[in-house]
Every structure is written in structure tokens, then in C-alpha cells.
Amino acid sequence: MGPGHAAPTVAPSGRITRLSHPQWERTVQDLFYLDEPTGLSDGLRPDARSGGDYRFDHHAESLTMDEGLWNAYLRAAADLADRVTARAEVLDRIGARADRATFLSRFAARAYRRPPSEEEMRELEAAYDRGPALHPELDGTAASVRHLLEAVLVSPLFLYRVERTVEADGGVVALDGWEIASRLSYALWNTMPDDELFAAAEDGSLSAEAGVAAQARRMLRDPRAAEVVERFHAQLLQWSELAGHIADFEGERAPVGAAAAARAEAGWFVREVVLARGGGLADLLTSPVARVDAWLADVYGVAPPADENETRELDPASRPGLLTRALFLVGFERGGQPDIIHRGLFVATRLLCQTVPPPPPDATAGLPPPEGDTNRERITNLTSAELCRGCHATVINPFGFVFEHYGADGRYRDEDDGFPIDASAVVQIDRQLTEVSGVGQLVDALIESREAHACYVRQWQEYLHGRELSEAEMPLVERFGEASRDEALSVEELLIALVTDRSFTARSDEELP
Amino acid sequence: MRLGRRLFLKSAAGACVGLPLLHGLRSFAPRSASAQASVTDPFAIFVVHGNGVQQGNGAEPDRFWPTEHGALGPATMSGRAVEELAGHSGRLLIVSGVDHAVQDQGDHDYGGAGILTAQPAVSDGPNKLVAGESLDWRIGRELNPPGREPLNLYAGFNNEGWIGATLSFRGPGERRAPQRDPFAAYQDLVGLVGGDPAARELLIARRRSVNDLVRPQLERLLGQPRLSRSDRQRIDLHLSQVRDLEQLLIGRLTAEEEAELEASSDYFNEGERTLDTAALHMKIAALAVVSGVSRAVAIQVGPGQDNTPYVVDGQLRDSFHYISHRVRSDSDTDAGGSPEMELLHHAIDRMFLATFRGLVDRLDEYGALDDGVALWTNNLGDGPNHSRRNLPVVLAGSAGGVLRQGQYVAADGATNRNLLSTIGSAVGLRVNGGPLVDFGHPDYGESGLIQAMIASEPW
Numbered sequence: 001m002g003p004g005h006a007a008p009t010v011a012p013s014g015r016i017t018r019l020s021h022p023q024w025e026r027t028v029q030d031l032f033y034l035d036e037p038t039g040l041s042d043g044l045r046p047d048a049r050s051g052g053d054y055r056f057d058h059h060a061e062s063l064t065m066d067e068g069l070w071n072a073y074l075r076a077a078a079d080l081a082d083r084v085t086a087r088a089e090v091l092d093r094i095g096a097r098a099d100r101a102t103f104l105s106r107f108a109a110r111a112y113r114r115p116p117s118e119e120e121m122r123e124l125e126a127a128y129d130r131g132p133a134l135h136p137e138l139d140g141t142a143a144s145v146r147h148l149l150e151a152v153l154v155s156p157l158f159l160y161r162v163e164r165t166v167e168a169d170g171g172v173v174a175l176d177g178w179e180i181a182s183r184l185s186y187a188l189w190n191t192m193p194d195d196e197l198f199a200a201a202e203d204g205s206l207s208a209e210a211g212v213a214a215q216a217r218r219m220l221r222d223p224r225a226a227e228v229v230e231r232f233h234a235q236l237l238q239w240s241e242l243a244g245h246i247a248d249f250e251g252e253r254a255p256v257g258a259a260a261a262a263r264a265e266a267g268w269f270v271r272e273v274v275l276a277r278g279g280g281l282a283d284l285l286t287s288p289v290a291r292v293d294a295w296l297a298d299v300y301g302v303a304p305p306a307d308e309n310e311t312r313e314l315d316p317a318s319r320p321g322l323l324t325r326a327l328f329l330v331g332f333e334r335g336g337q338p339d340i341i342h343r344g345l346f347v348a349t350r351l352l353c354q355t356v357p358p359p360p361p362d363a364t365a366g367l368p369p370p371e372g373d374t375n376r377e378r379i380t381n382l383t384s385a386e387l388c389r390g391c392h393a394t395v396i397n398p399f400g401f402v403f404e405h406y407g408a409d410g411r412y413r414d415e416d417d418g419f420p421i422d423a424s425a426v427v428q429i430d431r432q433l434t435e436v437s438g439v440g441q442l443v444d445a446l447i448e449s450r451e452a453h454a455c456y457v458r459q460w461q462e463y464l465h466g467r468e469l470s471e472a473e474m475p476l477v478e479r480f481g482e483a484s485r486d487e488a489l490s491v492e493e494l495l496i497a498l499v500t501d502r503s504f505t506a507r508s509d510e511e512l513p
Numbered sequence: 001m002r003l004g005r006r007l008f009l010k011s012a013a014g015a016c017v018g019l020p021l022l023h024g025l026r027s028f029a030p031r032s033a034s035a036q037a038s039v040t041d042p043f044a045i046f047v048v049h050g051n052g053v054q055q056g057n058g059a060e061p062d063r064f065w066p067t068e069h070g071a072l073g074p075a076t077m078s079g080r081a082v083e084e085l086a087g088h089s090g091r092l093l094i095v096s097g098v099d100h101a102v103q104d105q106g107d108h109d110y111g112g113a114g115i116l117t118a119q120p121a122v123s124d125g126p127n128k129l130v131a132g133e134s135l136d137w138r139i140g141r142e143l144n145p146p147g148r149e150p151l152n153l154y155a156g157f158n159n160e161g162w163i164g165a166t167l168s169f170r171g172p173g174e175r176r177a178p179q180r181d182p183f184a185a186y187q188d189l190v191g192l193v194g195g196d197p198a199a200r201e202l203l204i205a206r207r208r209s210v211n212d213l214v215r216p217q218l219e220r221l222l223g224q225p226r227l228s229r230s231d232r233q234r235i236d237l238h239l240s241q242v243r244d245l246e247q248l249l250i251g252r253l254t255a256e257e258e259a260e261l262e263a264s265s266d267y268f269n270e271g272e273r274t275l276d277t278a279a280l281h282m283k284i285a286a287l288a289v290v291s292g293v294s295r296a297v298a299i300q301v302g303p304g305q306d307n308t309p310y311v312v313d314g315q316l317r318d319s320f321h322y323i324s325h326r327v328r329s330d331s332d333t334d335a336g337g338s339p340e341m342e343l344l345h346h347a348i349d350r351m352f353l354a355t356f357r358g359l360v361d362r363l364d365e366y367g368a369l370d371d372g373v374a375l376w377t378n379n380l381g382d383g384p385n386h387s388r389r390n391l392p393v394v395l396a397g398s399a400g401g402v403l404r405q406g407q408y409v410a411a412d413g414a415t416n417r418n419l420l421s422t423i424g425s426a427v428g429l430r431v432n433g434g435p436l437v438d439f440g441h442p443d444y445g446e447s448g449l450i451q452a453m454i455a456s457e458p459w
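Residue numbers (the numbering used here), protein chains in the order written: chain E, 1 to 513; chain P, 1 to 459.
Hints in this document: simulated from the structure, not taken from any laboratory.
Since this is a predicted model, take the numbers as computed values, not measurements.
Do not take every clue at face value.
[Said to hold, decoys possible] Here are some of the chain E residues that sit facing chain P, going by a computed Cβ distance under 8 Å:
| # | residue |
| --- | --- |
| 1 | S105 |
| 2 | E123 |
| 3 | L134 |
The beta carbon of each residue, even a glycine, is placed where N, CA and C say it ideally should be.
Bound-form chain E, shown alone (with noise of 0.2 Å):
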């Protein structure tokens, strides 16, 4: 595999991205190198779900600037700028204690994430200079630094990550150090970059490869890399709707804290899993770490921990992976059963990315009702008639009905309400028909496809980029899909060979409509 070698996978993309509202909160933390966040992000009005397929929380094109989020951003600005003016200690660490020249040029370099022109020198310092006369309750530097830090914060080339180079070779814009900067920092940290990778910028050691390699390296370090790599994850397997529907149910069909423990396990596995282990696909799916709390400890049959929380190698077998936690199998319940459709729905369109229609729009009225002596029956039944038998019967029932050995509870069960419990499914993997049974040969059939491998491939690249698959990128996720798939390619692997690929440190010639 070398990334350089293949021919250049660049697709069109949009140049002015405003920050989501945790990129936001994130880089104004630092920005004035805070030891937490602010929490002025909470006042940032939500963003509207992009519609479509799109499924993290930065789909660039959805992310507007209108009247309430702009007065939002007005407020948040003043209210920080008070705050920081108010502490000599941060004024310090952003040098505001300098001369108006270098204090201004160090800390625009860092706020517009590249040096500023001499325009926009100029209008920093029209606003430095003003600031005694609107700040007449601070002394002299304090109220300039006040102003300023107040116009900074609102600028668009704070609030938006701007790309200006447009020079074109072969079709193909090389951005400029900064730009890559700002690529990196923001796909990996999600958040501006850091002083060592402004240094990289000015060197100029990110217009090659190996520059860029070896910034990824040292990032993929970071806890700020951690926490993308968790947010990646929960946001893919619909993390929190998952742990939201637990917390309605908690206090009855499992116990109170179920929701949050369930959550923080499946955080913890993929942390572990990838960035302590170095895993990659095959391991979020096959390993059996855990680390379980009490009621962790008795869904999944393991003796309970002596403290809190333990560290546990669970059976391989029956709980292989994300697939078999509690975060996955107790969040798709339905009324105390199994949700075999929507665990099914999961693995086609989420960890295959498989196609698969909404229903018909009348397919819910007159349902037959659900006869059967188990739930896997029962759900057969309900989706018999012939206007859900085409996605049902073929591709997403059979997903689901793999899992029907864990019960609602999470917990492995032989029986269902006295009757054998059958976990043979016929499924669609890379277009054939496989016969499973049981998640541990779902889980095997997963892993040996082209299609769970480049479905995560292609999300990664999806997330990294902020935008949806163009097709010029097919080649690129085939590509790493095989070496995911082939040569066990770990997350970080991935996560480098991707930013490091001309799609990433280029654009094409040709800008979105």
C-alpha cells in the first residue's frame, strides 16, 4: 500500500467552514490555553440536523451563520472577553502584556490560525486603539486588550476555517502549510492547532508527506485525539440515542445508572481498543476487553468487580466486541424484547453501509398482529406482509435475528420464554448470501468482507472531510478498505494514511456548486 503512489483522489469541497459548536468550545479553550472548557458553547443556538445520510455533527455545508446564532456569538464574545481580561494570568500566556505589535501579530497568527496581512494588522490595530474609549472601567491596556479579544472572537476568519489558495496544478489545489494546519488539527483534534504545528506550517515541513506523517503521529498521542476517536465512534453507532432510550427504562428494566454505565463502557473499549491497543476494525469487532461495573459484570456473567470498575477479558466467544456490550444490545429494545429490527438495521446501514429504504408510506397501518411463541417469530410475522417482506425477510431481519441469544437485559440466554432460541440467519455481505449463526460468525463474516471494511473506511474519510463521499474517492476507500481488511490495518494507520493522502492535503480545481 502506498498512499503517495495512486493517482489523486481529491473531490470538490467547500473553503469557508464555520466551527461547529464543539470545535468552537474547544478552540477558544486553546486559544487562551484554559485548563477547561468554558461552557459558552451551551449558549450557541443547535445546529439543524443536515438531512440526508450525513452522520456527524460538522456536516460543513449545514453549518449557517444566521441572526440568532450571530447575536449568540456576540454575547459568547463579550462574556469571554470579560472573562479573560479579568485574569492577569491568561493575558500573560497570550502575551497581551507586550508591545501592541507583537502581541497583535502573535495572537492574530494563532486566532485566524495564519499570519496576518497588513490589512488585517491594520484593522487589529484600529481596534486596539479604540478600545480606552468603549472600555473607560478598565485602565489603559486592559480596555484595548478587552476590545480586541471582543472583534476577534467574531471575526469570520476566527469563526470560519478559511482556505484563500486557489493556484492549480493538473487540477489539483495544493493548500498551503496552514491550510493543511488547520485540516489536521481540526480532523483529528477538533480543535485549532497547537504551537508546535504552527511551527510546522511556517517550516513548511507539511507541504511533504513525511511532514505530515509525523505531525499525525505526534497528534494521535494527544488526549484531544482520544476524545475524536470516542466522539468518531458514538457518533457512527448512535451512541447517545442508544444510551438516551436506556435512561427512559432505568428504575424498571434496568437498574438506575444503566444508561451512563453503558455509555462509559463502550467509550473505554474503543479507547482501549484502538489507541492502547493499537486495534483496528477486526478488533472493535472481535475483542473481548471490557471494563465492567456491577451490573456490567452480571449482564455479561463475570464475577463482579472488587472496586468500582475492573478491567475484565470476557469470553471470546459469546461476547466478541462492540457488538455484544450493553451499550448495543440493551439500547435496541423494544418493550422489554430484543429490537431485532433495529439491531438488524444497525449492522446493514451502519457497519455496511448498505442502502435500505424507509418503509412504504403506509406500511405501518393494518399490521397483522405480532403471533408467535418468540420474539423472533413474533417479529417475522409483523413484517410477513408483502409490502415489508423486501427489506425485512432479506436484509434486516436476518441482521437482527443473529443477536436473538442476548436477551433485552444484555444478558446470554439458550431459551426464549421456555423455546430454543435460533440464531441462524441467512445474510447479504458483499452481495452474496452467507449462513450465520450467532454473532461469532457474524462477527468472522464482517471482517473477512470488502464491505465492513470499506464502509469504515469510507465514514472515517466522511468524518476526517466534514462532507459526503464524493465519487472520486471510491478508489481511495477500496483502497484502504483491502489493507484494512488484508494486512489488519490498525485505526491510526488508517487515520494517518488518510491525512496524509493527496485528498486530504489538496482540493480540486473544482469547488462545490
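Let chain E serve as the given structure and place chain P on it in line with the hints.
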């Protein structure tokens, strides 16, 4: 701790307020008996719920609509959900027979996007995007003060992972994100409030100084070579929002109500407080329209598929979505019906209309009810079948005498294209000097106004 909010109250409370309190006051000049001009410019406030209402559908008796068409009054409204508005019966127009123009594109996933647009879907997924602008956007675009967007509010928990905000569209595929926090919405409107002249001047000067940095930077971004259309639109939209700090409101809420608003910042995301939040949004909507800040307000109450657990008779109930389907879970398909759940749905319909009554009361107190129209509707027709037919349509206010009052009329064969065209025309939208007759998508439903709704035609 929200320092920004405290600053706001300090400047508001610490100042001897220069703006009158509106609540309970008639701060408007009285209208003469023959005056054509309204004190308030015609406005439309849209309040939209989800999951349909409990109405007659063949299997269930009707508990929503008045008992017969014609003049509204206690006799025909008694025992029905609309009874919650009986005190205003002389100012109501209730319309039966209105269907979604677009019938074939889903229920929850489509209904919330289609109700104010009458446009077909252009995306898949649980919360569809549609092919054109919503009526509130159209009204704001044509009639609002330059650069002012129509107000777009949302009460309820954040369900953006499934079907959350649905209603308002700027254009094809461009759903607008609503303001959820009532206090933030109020702060947006208040802008510059009271204060001694020196303090006001400082605030104005600070904003101008910030704009002096921001505006040229946005203009330079627009001047960049080879900018894509979507990047350009994004920056254009931003630039249109950059303006000096100004006084927008002609009055303020009381100190108690402002304290209520501030308190709502802690709970506006909670499903159980949905109707409290909605009530605050309605106060803000009324304030916005009488101040002329916006000629249209859209308020969504509950997510598009409303799975809020509402409190009915002091008891926290199951997901409203389940109740509307008369089931207890997604896989419970007992088709036997449930009289108990019918009554629960009816009780919830009443609660919703009682909350809406607060908006009607407030507009009436401001003396503005006759100047515009407040529409209460739903993104679906009935509960169990989630039919897209016979949408509940309850209007309060005559929009300056255009709409009939005190009547329950039938508009069989009409769609929301016709309803939205009629409302748009009533509040001042014109096409070549005539009424707006073809709002929505030309391939779905017929164009035209609902004549049964119209009392006078000022076009």
C-alpha cells in the same frame, strides 16, 4: 454561571428603564372606527405540533372539532378540544377538510417539513428536507424590515438525532435551525434596552467598532476568486446579519416575566417542560410582532415525532408518540384500540390548545389580535393512522378583517397549499398586485385560496 446573562439583567434592571412595560398596557393609539390602517402590521404566527389530534377517523369518535359547521359558540365547542378557546370563539376561524398537498412521502419524517412548505421531500432519512421555502420565510423575506429574518422558535427536548426541528426552510433543502432558549430569543430581540444615555452610547459604539472589523473581512471573503455558490451564500447571509445595535422593541416584558425567561435557560431542553417553554416562546412571538421586528413567527412545539412524556392530570405519561398510536412500545401493534389512550390524546390536545390560548390572550391584551393571525395546527391529521388528511386548522385573528371570524367552515378538497396561500395573502403577500394563490409546489394539489375562509379581499 452565564456572565453574559447577568450583565444583561444588570444593564436592564440597573437602568431606569427607558422602554415601557407592555404587559397589560395599551401603549398604542386607539384605532378609529373607520381606520383602515392597523396599529400593528399584519402578521402570522404559526404554532405547530406533531403526532396528529384525536379526531373521528372511523374507528374513534371525534373529540377535536366543533360539533357542526357554522357559527362558533359554547354549544358547538363544548366537550371538544377546541373548547379550550371558547372564550375567544368570536375571533376564531376553524377549518376542516385541509389535507397535506404532498401525500406520498411519509408521515413523521415528512409531515413537519411539509406543513409550512407544501413542498415534496428532497432527501431521505428520518427528518426530510423539502424542495422549497416555508411560508414564514416567505413572509419574512418579503415583508420584514430589511435583513431581518422571521423568528423561528422551538419548544421541547433536543431530538436532532431523529426528528427534531422540522418547520422552517430558507429554500430548497435549507432547513433553518430554530432558537430554543427563550431567554436567548428575548435577548436577541431586546438588543439595546433602556439604560442611561452614556451606557447606551457605549454599547452602540462597541458594536459599531466590532462591525468595523467584521464587515470588511466578510466583504473580502466574498471577493475571493472562484468562490463556490454555497460558500458565497453562507457569507452573504452572515453579512446581512451584521448591523448596528438598535432598539427593536417598543416595550418590555415585566420583571417577573424576564426572571421567568432567565430561569427557562435551565430547563428549555427538558421534554417535561415543553409547554412551559412554548408559553414563553409565545410571549416573545407576540412581542416581536407588535414591535414590528418580524411579520412572521414559526413555533414548533415538541419534536417532529413527538415522543415527549407529557404530564396529564398530574401524572407523567408515556411517550406521546406511543399514545398517539395507541400502543405501549414500537413493537406493540395491538390493533384493538384503546379508549384510555384516546382520552389521553384528547387531554393532550386540550393542553396544547390551552397553551395556545395564552398566545391569543396576549395578542388580545396588546390590542393586536385583529391585526394578524395565529394559526394552530399539526404536522399530521389524526393519531393512530398518522393520516395526512383533515389537518387540524385553528386560526385566531382576522388579519385586518380579511379572515372570517367566529366560524367553523369546511374546505373539502383543499390542501395546505391553499391554506398557506390564503394566510400569506391575508397578511400582505402579493403577486402582481393580486393575492398569493400558488404557494407550495405546482405539482402537488391545486392552487387558489380557500374562499370559505375569506371575509374581505383587500387585494
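Just pull the numbers of the violated hints for me, sorted ascending. 1
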